[in-house]
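> The chain contents come next:
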Amino acid sequence: MSSKNLVVRFAGEGGQGVVGGADLMASAAATGGYHVLTFSTFPSQIKGGPAWGQARVSSEPILTPGDWLDVLVAQNQYAYDTNLPDLREGGIVVYNSEEFEVAGNTRAYGIAADKMAREAGNPLASTIILIGAVAQMASIDIEAIEAFIVKRWTRGRASDKQIIDGNIAALRMGAEEGRKSGLTVTPLDAPPTHSEPRVMIRGFEAACLGAIAAGLDTFIGYPISPATTMLTYMEQNLVGLDKFVGQASSEIESIASLVGAGFAGRKVMTSTAGPGLSLMGEGLGLAWMAEIPLVVCDVQRGGPATGLPTKTEQSDLFAAINPGHGDMSVPVIAPGNPEEAFWAAGHAVNWAERYQGPVILLSEASIAERAQDIAIPDASKVLIEHRLVSDGKMGNRRYAGEGVTPFPVPGGPGAYVANGSEHDEEGDTTHLPDVHVTMTDRRFAKLKVLEDGTFEAERTSASIALLPWGGSKGAALAAWNELIAEGVDIGWYYTMFLNPLPPALLEALQAKRLVLVPELNYLGQFASRLRSMGVNAQAITQYTGLPFKEADLKSAIRERMGALAAK
Amino acid sequence: MSKRNPTYDFKWCPGCGDFGVKVAIEQALARRAVENQESVEKTVIVAGIGCSGNLVHLQEGPQPFGLHGIHGRALPIAYGVKAPRPDLNVLVVGGDGDMLSIGAEHIGPQARRNLNVTLVVMDNGIYGLTKGQASPTTNVDVVTSTTRYGKLDDKLNPLMAYLGLGVGYIVSELSSRVKPLGEAIKTAMDYPGFSIIHVQSPCTTYNDTYALLKGDEKKGIEPLAYPIPDSHDVTNLNAAMDLVKGERIPIGLIYRREGDSVASDQRLTDAKIRTKVEQKSVDALLREMVI
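As given, the protein sequences belong to chains A and B, one line each in that order. Read in order, the letters of the first sequence are residues 357 to 923 in the working numbering. Read in order, the letters of the second sequence are residues 10 to 300 in the working numbering.
No lab work stands behind these hints: they were computed from the structure. Accuracy of the hints is not assured; some may be wrong.
[Said to hold, decoys possible] Here chain B is said to cover these stretches of chain A; the calculated rule only asks that three of the stretch's residues, wherever they fall, bring their Cβ under 8 Å from a Cβ of chain B:
id: 1; segment: 428 to 436
id: 2; segment: 589 to 595
[Claimed, not checked] Taking beta-carbon pairs under 7 Å as the criterion, some of the chain B residues facing chain A (in silico):
id: 3; residue: Asn14
id: 4; residue: Pro15
id: 5; residue: Val299
Everything numeric in this text was worked out from a predicted model, so none of it was measured. Ideal Cβ positions, reconstructed from N, Cα and C, are used throughout, including at glycine.
Pulled out of the complex, with its shape left as it was, chain A reads as follows:
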């Protein structure tokens, strides 16, 4: 017997390398040909506090981090106690026997990995010792991991050989411990073969690359968890004479400077999280009002105010569509995984250019930080759209007419005033009632050009449909697959394009008896919005700061369908 999946969780406290352990495990397995997906959760501090990293390794494409653990690596008593309930029947615990002892559990084995690493003169290798043990217990080919170690630490430095040899020795030490334990989990299937090259990519990297592929040339941001990675990635990778990356002194500065740069003809983006999005509200209103193209990537975290800075949630949808005061409806694209993040970011840059206004790329902590293997995206397939630029024939009447009109770029013809106050055709302030009506209508009418979003639709004849959004897509799809296999008649709909929704999708949803919307927030924000659009939508909510589990979602769907049938 063999298994399609291996789920390993490294649990301990911040600074013990538990997130790095899961990453290393996933990278090693991916190098061996497996599909991998990581998830981590940790407190908002550099050291200490409960943290864990999880790697799912599979012979099949992966949708979620996995509900149940095959192996729990526990660094301390608290990690053991709190994570043990997630261990699958027949699962194994590897614990840090230097730190604590586990009594009365025949499926637990202690390894003093830190001590072994110190004694071997390679104190940084304790994680590799643990990986060696886990790989042995799961019958993963140790030689494949050795090949990974050689690749990973061949960096053209004099110390390469010493580090590689030390790490391979550590891996073998760990494998020996695994053998000594006598414990095994069901062996993992052989890795699949791949016809095309794959990349190991994180959501934030994919989003940055998608935006660059669409021609992004300016990025200005302010550090905030969990969105800082995009700022630092851009600083390192959006380079060259015609590019600009800057660190502002607040999110208020970020959005204001983006308005300035977008006005100056640049393709611009920033990354932020909830608190930053709140601070950007007025600036986003200015971009909407003055019709300035820009993209804000909001990497959602938990709660209002500081909330849960490093946890995942989907509670900024309302704030993304209506980030500020007054009548506006900001276009929102929400990817469901790292691969979609690449394409979504490209769409976001293009949408901003096309309708000449602000666009929110709505990501989540769990997508931004997730590492996953995907087929290498074909960057040449990203369309590059440019705003319609004024040739001067309109004079300074930039805001004349209905819909999208030519955009005068400073230095070129058509000098006008880009104005956040209500304005006339030239951008001069006016408060006349009929002008406010005309201009408000003009701004909303421009959204029409964004109604080209695509969507997924399966089993469309079913009267009940499942419609997840963003990062809940994976767990929802896993649950839906199982329900279909069990003979449940339920439709599947999904889109990244949350505002404006693809009109055909909205029409299909309006015809359903019930639309179930799994989302990680208390209010049921997407479901609420859909109800306002005439869809009988019900949210399935969770607000733990963690993603959905497949099993929880499946039973919640069954429950809602049962309640409807009983009516």
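Dock chain B against chain A, hints included.
This is chain B only, laid out in the frame that chain A set:
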């Protein structure tokens, strides 16, 4: 209304100091356009909110680009215009509420960036557009609609604040001195870094300080404003601080930091050329991640 746009429905009060600033800016931009042989369309005026912000709509003659944004954020908007587009000339206008209250947090970062941006502050010591509330530069003890017991908060010394925040070029002027003001704005725009022209621009409706600034010899009232003596060493920071620390308002060039000779926005370009970093294609960046 403006000459360009008769339907524009904003007016400054008769005698408003901002009229003088407007004309001075028009003169400065016209002179620079001739000297640099470039169109005024290469210039962007970023305006804040308040009476001062409306200046951008009232510009006469060849039109620069304008951006009339939101209250307090004109400086970071200007950062976004100038940093990725160093070829543009960027002038920022705002009032004392805009720049010294809601937007004061942006002066420090802008000074540190030291991009070639010029800020003209029209200081009337009051919130004019919202009809007469106390501002950071309203005198202590003045009764306004928000200071019924007289203003209890200290008055800000803007020139001292600019020096403290590291602004490299600081001029103090009067809105009534249109010609020297125009010259000062032009010279500041030529200066290769962040510059501030702080203009006493009285509000004839809510805080008319013309008489105080000018003084009255007959009544024995000493003018608040006085010309900076020729002996002042403009490159000496301590001398500049001594000059501005009193109650009276020195008029002229307060400070010009020595050594700011290369256009500061050029530093990024220089660093890029020096390090020879080139943009990799997205495909190449993806290939680096291949398993």
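> Would you mind marking each hint as holding or not holding in the structure?
Taking the hints in turn, this is what the structure says about them:
1. 428 to 436: violated (count 0)
2. 589 to 595: This one holds; 3 residues, not fewer than the three required, reach chain B with a Cβ under 8 Å.
3. Asn14: For Asn14 (chain B), the interface hint holds, since the closest Cβ of chain A sits about 5 Å away, which is under 7 Å.
4. Pro15: Violated. Min distance 10 Å.
5. Val299: holds, 5 Å
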